[in-house]
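J.: Residue strings, one per chain:
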Amino acid sequence: SQQGEEDPQALSIQEGENATMNCSYKTSINNLQWYRQNSGRGLVHLILIRSNEREKHSGRLRVTLDTSKKSSSLLITASRAADTASYFCATDDRRNTDKLIFGTGTRLQVFP
Amino acid sequence: DVKVTQSSRYLVKRTGEKVFLECVQDMDHENMFWYRQDPGLGLRLIYFSYDVKMKEKGDIPEGYSVSREKKERFSLILESASTNQTSMYLCASSPQLAGRYEQYFGPGTRLTVT
Chain W
29 SQQGEEDPQA LSIQEGENAT MNCSYKTSIN NLQWYRQNSG RGLVHLILIR
79 SNEREKHSGR LRVTLDTSKK SSSLLITASR AADTASYFCA TDDRRNTDKL
129 IFGTGTRLQV FP
Chain B
17 DVKVTQSSRY LVKRTGEKVF LECVQDMDHE NMFWYRQDPG LGLRLIYFSY
67 DVKMKEKGDI PEGYSVSREK KERFSLILES ASTNQTSMYL CASSPQLAGR
117 YEQYFGPGTR LTVT
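Chains W and B, in that order, are what the protein sequence lines are.
Using the numbering used here, count along the first sequence one by one with no gaps and you end on 140.
Using the numbering used here, count along the second sequence one by one with no gaps and you end on 130.
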């Protein structure tokens, strides 16, 4: 069962621009995570935000969480060609915290 | 650094063959997971294990089984491979309570069943 849905499905920007990806989910959560996947590779964890947090920063990444709207956004500032990848949100379920449920991902292309 | 390794990056098997995908992690994590990833469908959980010899079905367990005889190793078994099992398979591990901790992924195995 899909919990997270990312929007847009694909995004193309120029180097130096900001990239914003959105994630919506269905059930109450304890935590939301964002992952990155380079083409044909495994996923790498970027950032975790807890349900009682509204915003979190890590380097050029900014994540927001709005639990009333059941949505999150990932902002990458001053993008680089090396940021080209797919980005996934993943949520737990407040009733079952052992599993993560991943969304379908946003494919980001950053042109030099 | 946490390392999760998978036995093969690419694998080609014939319909009806028994297929073993192996995953090993070196961080003494309690939880291990097998996902498959298909275009437009994201990652879907096949099975996970929270302890040695313990396993739980994920969202799409049909046609798969798993084995966890040692804490560091989690195997995915396709008893009789079919073409609709052609996919990218990703293994992951995490400490307890996966939602509170990040998952560490292996590089993936791209399986083609012909």
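It should be emphasised that the hints constitute simulated quantities derived from the structure, not laboratory data.
If you're wondering where the values come from, they're calculated on a predicted model, not measured in any experiment.
Possibly wrong hints are sitting among the right ones.
Pulled a few chain B residues facing chain W out of the computed Cβ check, cut under 8 Å [what the hints assert, rightly or not]:
| no. | residue |
| --- | --- |
| 1 | Gly56 |
| 2 | Leu59 |
| 3 | Gly115 |
| 4 | Phe121 |
Cβ atoms here follow ideal geometry from the backbone N, Cα and C, with glycine treated the same way.
J.: Any hints from earlier that this structure breaks? Give me their numbers in increasing order, please.
T.: none
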